[in-house]
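Undergrad: Residue-level listing of the chains:
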Amino acid sequence: MSLLELTAVELGNKIKNKEVSSVEATKEALASIKAKEERLNCFVTVDEEGAIKRAEKIQARIDKGELTGSLAGVPVGIKDNMNIAGMLTTCSSKILYNFKPTFNSTAVEKLMNAGAVVVGKTNMDEFAMGSTSETSYFGPTKNPWDLERVPGGSSGGSAAAVAANEVPFALGSDTGGSIRQPASFCGVTGIKPTYGRVSRYGLIAYGSSLDQIGPLAKDVRDCATVLEIISGKDDKDSTSVAEAGADFTSALVDDVKGLKIGIPKTYFSEGLDASVKENVLKAAKTLEEKGAIVEEFDLGLVDYAIPAYYIIASAEASSNLERFDGVKYGYRTDSFLDLHNMYKKTRSEGFGAEVKRRIMLGSFVLSSGYFDAYYMKALRTKALIKAEFDKAFEKYDVILGPVAPTTALKLGESLSDPIKMYLGDIYTVSVNLAGLPGISLPCGFDDKGLPIGLQLLGKHFDEKTILRAAYAFEQTKSYECSAIAKEV
Amino acid sequence: MSKEYETVIGLEVHVELNTKTKIFCGCSTAFGGEVNEHTCPVCTGMPGSLPVLNKEVVNKAIAVGLATNCDITRNCKFDRKNYFYPDNPQNYQISQLYYPICRNGYVEIETEEFGKKKVGIHEIHMEEDAGKLVHDEFMDCSLVDFNRSGVPLIEIVSEPDMRSAEEVIAYLDKLRLIIQYLGASDCKLNEGSMRADVNLSIREKGAAEFGTRTEMKNLNSFKAIARAIENEKERQIDIIESGEKVVQETRRWDDNKEYSYAMRSKEDAQDYRYFPDPDLVPIVIDDAWLERIKADQPELRDEKRIRYKDEFELPEYDIDIITGSKKMADLFEETIGKGANPKKVSNWLMVETMRLLKEHDMDADDISFSADNLAKLIALTDSKAINSSVAKEVFEHIFAENIDPDKYVEEHGLKTVNDEGALRETIIKIIADNPQSVADYKGGKEKAIGFLVGQTMKAMKGKAEPGMVNQILKEELAK
Numbered sequence: 001m002s003l004l005e006l007t008a009v010e011l012g013n014k015i016k017n018k019e020v021s022s023v024e025a026t027k028e029a030l031a032s033i034k035a036k037e038e039r040l041n042c043f044v045t046v047d048e049e050g051a052i053k054r055a056e057k058i059q060a061r062i063d064k065g066e067l068t069g070s071l072a073g074v075p076v077g078i079k080d081n082m083n084i085a086g087m088l089t090t091c092s093s094k095i096l097y098n099f100k101p102t103f104n105s106t107a108v109e110k111l112m113n114a115g116a117v118v119v120g121k122t123n124m125d126e127f128a129m130g131s132t133s134e135t136s137y138f139g140p141t142k143n144p145w146d147l148e149r150v151p152g153g154s155s156g157g158s159a160a161a162v163a164a165n166e167v168p169f170a171l172g173s174d175t176g177g178s179i180r181q182p183a184s185f186c187g188v189t190g191i192k193p194t195y196g197r198v199s200r201y202g203l204i205a206y207g208s209s210l211d212q213i214g215p216l217a218k219d220v221r222d223c224a225t226v227l228e229i230i231s232g233k234d235d236k237d238s239t240s241v242a243e244a245g246a247d248f249t250s251a252l253v254d255d256v257k258g259l260k261i262g263i264p265k266t267y268f269s270e271g272l273d274a275s276v277k278e279n280v281l282k283a284a285k286t287l288e289e290k291g292a293i294v295e296e297f298d299l300g301l302v303d304y305a306i307p308a309y310y311i312i313a314s315a316e317a318s319s320n321l322e323r324f325d326g327v328k329y330g331y332r333t334d335s336f337l338d339l340h341n342m343y344k345k346t347r348s349e350g351f352g353a354e355v356k357r358r359i360m361l362g363s364f365v366l367s368s369g370y371f372d373a374y375y376m377k378a379l380r381t382k383a384l385i386k387a388e389f390d391k392a393f394e395k396y397d398v399i400l401g402p403v404a405p406t407t408a409l410k411l412g413e414s415l416s417d418p419i420k421m422y423l424g425d426i427y428t429v430s431v432n433l434a435g436l437p438g439i440s441l442p443c444g445f446d447d448k449g450l451p452i453g454l455q456l457l458g459k460h461f462d463e464k465t466i467l468r469a470a471y472a473f474e475q476t477k478s479y480e481c482s483a484i485a486k487e488v
Numbered sequence: 001m002s003k004e005y006e007t008v009i010g011l012e013v014h015v016e017l018n019t020k021t022k023i024f025c026g027c028s029t030a031f032g033g034e035v036n037e038h039t040c041p042v043c044t045g046m047p048g049s050l051p052v053l054n055k056e057v058v059n060k061a062i063a064v065g066l067a068t069n070c071d072i073t074r075n076c077k078f079d080r081k082n083y084f085y086p087d088n089p090q091n092y093q094i095s096q097l098y099y100p101i102c103r104n105g106y107v108e109i110e111t112e113e114f115g116k117k118k119v120g121i122h123e124i125h126m127e128e129d130a131g132k133l134v135h136d137e138f139m140d141c142s143l144v145d146f147n148r149s150g151v152p153l154i155e156i157v158s159e160p161d162m163r164s165a166e167e168v169i170a171y172l173d174k175l176r177l178i179i180q181y182l183g184a185s186d187c188k189l190n191e192g193s194m195r196a197d198v199n200l201s202i203r204e205k206g207a208a209e210f211g212t213r214t215e216m217k218n219l220n221s222f223k224a225i226a227r228a229i230e231n232e233k234e235r236q237i238d239i240i241e242s243g244e245k246v247v248q249e250t251r252r253w254d255d256n257k258e259y260s261y262a263m264r265s266k267e268d269a270q271d272y273r274y275f276p277d278p279d280l281v282p283i284v285i286d287d288a289w290l291e292r293i294k295a296d297q298p299e300l301r302d303e304k305r306i307r308y309k310d311e312f313e314l315p316e317y318d319i320d321i322i323t324g325s326k327k328m329a330d331l332f333e334e335t336i337g338k339g340a341n342p343k344k345v346s347n348w349l350m351v352e353t354m355r356l357l358k359e360h361d362m363d364a365d366d367i368s369f370s371a372d373n374l375a376k377l378i379a380l381t382d383s384k385a386i387n388s389s390v391a392k393e394v395f396e397h398i399f400a401e402n403i404d405p406d407k408y409v410e411e412h413g414l415k416t417v418n419d420e421g422a423l424r425e426t427i428i429k430i431i432a433d434n435p436q437s438v439a440d441y442k443g444g445k446e447k448a449i450g451f452l453v454g455q456t457m458k459a460m461k462g463k464a465e466p467g468m469v470n471q472i473l474k475e476e477l478a479k
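If you're matching them up, the sequences are chains A and B in order.
Using my numbering, the first residue of the first sequence is number 1, and each one after it goes up by one.
Using my numbering, the first residue of the second sequence is number 1, and each one after it goes up by one.
Only chain A is shown next, with the shape it has when bound in the complex (with noise of 0.2 Å):
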């Protein structure tokens, strides 16, 4: 058995109990990402040579008993819009296509200090814009299940490497569901955790009140043990909090009697595939087989989250992708008469169609006499939203959904359509808005043989009550993946 197949933790357990050395795994996440990368495009970066200094340097660390956590020595792949100093990052945009931070992401460090080593940087849709990696400057990611299909996004590149065994687990980061719906395409397990509970610090910003950064696994441990040392309060994040209830594995029971579970009844309405809509609600029967309550009810403004959303990470993004002009570092246009012709040029050549499609939604929701009628109407939305979940978790512990509507699309389907593609959205993005964490896990499979995701949604800093629902669930299943992760 290869040791790709095994998950994080295992593959610590490995290398902590010296049956495998930390360069061992790290040479085979290289090999693997090797052999597929040609096929999938995975990665923006892979730093083979770093990885394997890297990787010694840890083991050395390990063999004095320096190192003794769950993660050391496995290697580990950082969505492209996360600084490692000296590492290039470029959040798969042609204006960032040379950029080398000076400094690492708060969670890259936390994760490198409890020893795991970063084999590279994974695409992503341009500055995580998108739902299907396809916005990569770098061209698209293909998702292992079927080449022809997307693996989701914007954490597309994490998702696929982690579902083609490239690498164990990767870290995404989430705004509208860029974690969970790569992870619910790709047949991989993600969390978005309560906003504040992950520092952003390194984190090149998309929509800073939504951003979120979160691990994509193979299982449910996986994500409660790398969410365990990337959370904690920041000092150089203010929007980061130190909250209790943080020892995320001590979640992992396999228990869910009494548990109180509601389902919104809108979730299951038109628009939602029959074989995503089947599974998921033979999961919520699964879980009440096992001792849940489960409960349909009325969740109500669902139909604003998406324009809420949409006007309010536009809006954030405008101001947030501002700095990138040419000046002080990146791209910048080869030839221009003045200042402002430099700007526009760079701007113009070095941001793509989405991204500029969003530039100039957040601008204009922004500007002078649309203020109110847009970008207040969407903050009170959000509040509103927000409410509607509070009243509902007053009742319900966990609240169960779909990830997405449907199962992974064909690649391109989606380009031509932004507006479809964001209805893609409707359940992932009203989380961000309402700063809840959100899990989503595999929970079977369509009549084309792609994966299907759940989507489990918790209170405010509580990850662990939906880290135990979905391990619960997951007990009942085995993990399946693609044919492309067998190869190895």
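A hint or two may mislead.
[What the hints assert, rightly or not] 35 Å max Cα-Cα, derived DSBU-like pairs, lysine-lysine:
1) B:77 <-> A:100
2) B:384 <-> B:415
3) A:328 <-> B:132
4) B:55 <-> A:377
5) B:309 <-> B:327
6) A:100 <-> B:55
7) A:233 <-> B:188
8) A:100 <-> A:356
9) B:344 <-> B:174
10) B:77 <-> A:110
11) B:77 <-> A:391
12) B:81 <-> A:345
13) A:345 <-> A:391
14) B:266 <-> A:344
15) B:3 <-> B:20
16) B:77 <-> A:459
17) B:20 <-> B:327
18) B:217 <-> B:188
19) B:77 <-> A:377
20) B:474 <-> B:343
21) A:386 <-> B:81
22) A:344 <-> B:77
23) B:81 <-> A:356
FYI, nobody ran anything at the bench for these hints, they're computed from the structure.
Please arrange chain B on chain A, whose structure you already have, making use of the hints.
TA: Here is chain B on its own, set in the frame of chain A:
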């Protein structure tokens, strides 16, 4: 016949707060330093960096707000002001639009023309300063120095309550003193730690509506402000008199040419697309926080004026001068604290210090001598160890080099000779050498004694105590 016009002026005053570190990162705010020495990923707007608020900035902004009678916004927020310029590394400035920290305040000013009056303060908000562009003519390019990027500023926005240059100066002076007394900034216009933009419009006297205003920038001294106001007032009146309309625009003052030119009109005004900065959490100012600032609030100028009058019985004019600069008031109090008589301290400040300042074209803020040395000098005169003319000479050295007067007097042998025998001997010799003056004196010309005193002092190299010289001279002449 020309109509009577009224000038309506409101001010936007930027003040650089003197915190040790920048508003959103730990970099030093120190002046100077190598280009881009005081920078980090936050104040250079590197991707992935995040701002974290320096609470000391809030403390100082609240202190200014309380001293200018403002309401403090208990739940205030930062907003982003979006505009592209290379000195602004994120291409947005973190400022406050929707919930500024202070609102609805006022300060009281007094001018000869209009007497006492309140000038309203619309709001005070906190924001970050930008970097500096350095144009390299040889390389034909511009470079950016981010040392000033992220230095904390407050912007104090007045109501359009001022009607003359004199009132504007009085208002600025009032603000400057309040902020200096609070220790929140040194408020130097010429160094840019205080900057004022003047909004000015003209209307017919008695009119209810305001005229169209212009905003004047680049005013680097009180004199420049006064000149710019006069100039702009005339310019607008000329426009109105000729039947044309004043254009709402931003103008730049050139103090050398005493002329302003239009920078941009309202039509090209940028849309800053302000919105709440999602990277910063709201600042909640609770009662305890506010009380802490109130408790730490130092005595301000108006309070000092009353106390100086009651406690030291100084003339109002002297009080005005001394409290007219925090530096001088501090020096005054510190010298008294070392045991010197308040009236004598005041005298040294009012007469000799002011004379020397004027002579050297300096401000009170430029005083560099210590209270310790002034107190020692006063003690030397109190004990009659030196006479007043020696004291003046010694003070010039204190003023210039902050020398220790005890040491100086010792080293230069300036102590008054209190040996009566030696003095009497000298006087007897002077009487013998000047028979004509002695005869004049004895003949009733009392003034002749002055010449003899002068001769004695000269012979004593100035180190005699004049009272004693007079007395012994009279005694000897009476013989």
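Undergrad: Any hints this thing doesn't respect? Which numbers, in order?
TA: Hints 7, 13, 15 not satisfied by this model.
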